[in-house]
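*Asks:* One-letter residues, chain by chain:
2 protein chains.
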Amino acid sequence: QVALLDIDICGPSIPKMMGLEGEQVHQSGSGWSPVYVEENLGVMSVGFLLSSPDDAVIWRGPKKNGLIKQFLRDVDWGDIDYLIVDTPPGTSDEHLSVVQYLSAAHVDGAVIITTPQEVSLQDVRKEINFCHKVKLPVIGVVENMSGFVCPKCKNESQIFPPTTGGAEKMCQNLNVSLLGKVPLDPQIGKSCDKGQSFLSEAPESPATLSYRNIIQRIQEYCDQHHFQEEKTL
Amino acid sequence: QVALLDIDICGPSIPKMMGLEGEQVHQSGSGWSPVYVEENLGVMSVGFLLSSPDDAVIWRGPKKNGLIKQFLRDVDWGDIDYLIVDTPPGTSDEHLSVVQYLSAAHVDGAVIITTPQEVSLQDVRKEINFCHKVKLPVIGVVENMSGFVCPKCKNESQIFPPTTGGAEKMCQNLNVSLLGKVPLDPQIGKSCDKGQSFLSEAPESPATLSYRNIIQRIQEYCDQHHFQEEKTL
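The listed protein sequences derive, respectively, from chains A and B.
When the letters of the first sequence are read in order and numbered with the numbering used here, they come out as residues 1 to 233.
When the letters of the second sequence are read in order and numbered with the numbering used here, they come out as residues 1 to 233.
Note that these hints are calculated values from the structure, not bench results.
Computed from a predicted model, the values in this text were never measured in an experiment.
Hints are all accurate, no fakes.
Cβ pair distances, simulated, as ranges:
(1) A:Ser-52 with B:Asn-213: 28 to 36 Å
(2) B:His-226 with A:Pro-62: 32 to 40 Å
(3) A:Lys-133 with B:Leu-102: 31 to 39 Å
(4) A:Gly-19 with B:Gln-1: 43 to 51 Å
(5) A:Gln-216 with B:Ala-104: 55 to 63 Å
(6) B:Asp-54 with A:Pro-206: 26 to 34 Å
(7) B:Asp-54 with A:Pro-151: 36 to 44 Å
(8) A:Ser-52 with B:Pro-53: 37 to 45 Å
(9) B:His-226 with A:Lys-63: 31 to 39 Å
(10) A:Asp-54 with B:His-226: 29 to 37 Å
Beta carbons: idealized from backbone N, C-alpha and C, even for Gly.
The shape of chain A in the complex, shown without the other chains (with noise of 0.2 Å):
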């Protein structure tokens, strides 16, 4: 059982990736009801209580804030084994928020994306800098865009070039893990577009077998910490 929680107030695209738009959030007796992908996979969206998908939530951080706690607090995710939650970019209010409403849980940790150039690492550095200071442990880095295979000749092309040795060197220089690279296919744009699982669309994509990869990390790592908290209690 998976639950997605998407905190992205102000640009919020899980809807949509997930083939949801249109949906609405039901209030039940215990609370608002996720809305579900299939029956393992629950979502809930600021997008999911817009009239439009084209409306702007022009909200300062208080009241996004706000809408993060009742999103924590109001839904009732049933029994659950996975919480993800979507940040936007940056270290501000939705990063602290949600790191402070959810400091009691004992949150795994953070994958943290990022593209190869220097100017996405020096993003990505000060968003593990946050990591450090908040004491949110650093599950590892994916990079995103990493390479582009000509669909005609086959010849790799480094679009985005990772001109300081991309997020392989960053990882090493900080010590934390690299949990793989995505590269570049246009199938991903499109299944976003679509709502659909790029997974099943492209199942022998190179992109999918390195999101495999990553997602059998996370769990590898997600299983090793649960077993040290259980022998710390």
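Could you slot chain B onto chain A? The hints should help.
*Replies:* Frame of chain A, contents of chain B only:
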């Protein structure tokens, strides 16, 4: 004379992209002095206030707004023709504050950047919606990452496919101008990482031609806007 103000407080990329990393802001009798790239281009960013480029600014909205106010009030920009404000994505504190603090200055308008996929266009529709709500004119939309030409076989790939017609269709539907499309060129990422001007480094690139066109269209818009404002005064 151009001034560039970076109000992405938690992810300032302007110092690196302008080749100004390690520069510091100096206090003068008339306020803070911007950092100059060239004589006619002054820059201000929270990046100049950090002791290391990897330092995280872990601030909630009100503190970010306070710094934006300081940037607008306490920086001695000198006599400038253009003030360009670079914002993070979203429709929250930074955007509300800059529009509010500059409301008496009659801002010319917003230039909005997207990529071709629907997932990005959805966020951009929210930004356009925001501009309408706060009565900020929309100068136009730029489509970034708009196709990639393989350097080996010259075949063009839509790496971020415009599944719903891209920025062009969206601009038609919303009755806003499309300022141009910038193709993917690996040299752009390299120039940003090295703090060099892509326009000087790759003067013949189709992306450079596109940038030049876009700049010209923005200048024309601003000239027109000022002319009309003078007429109404």
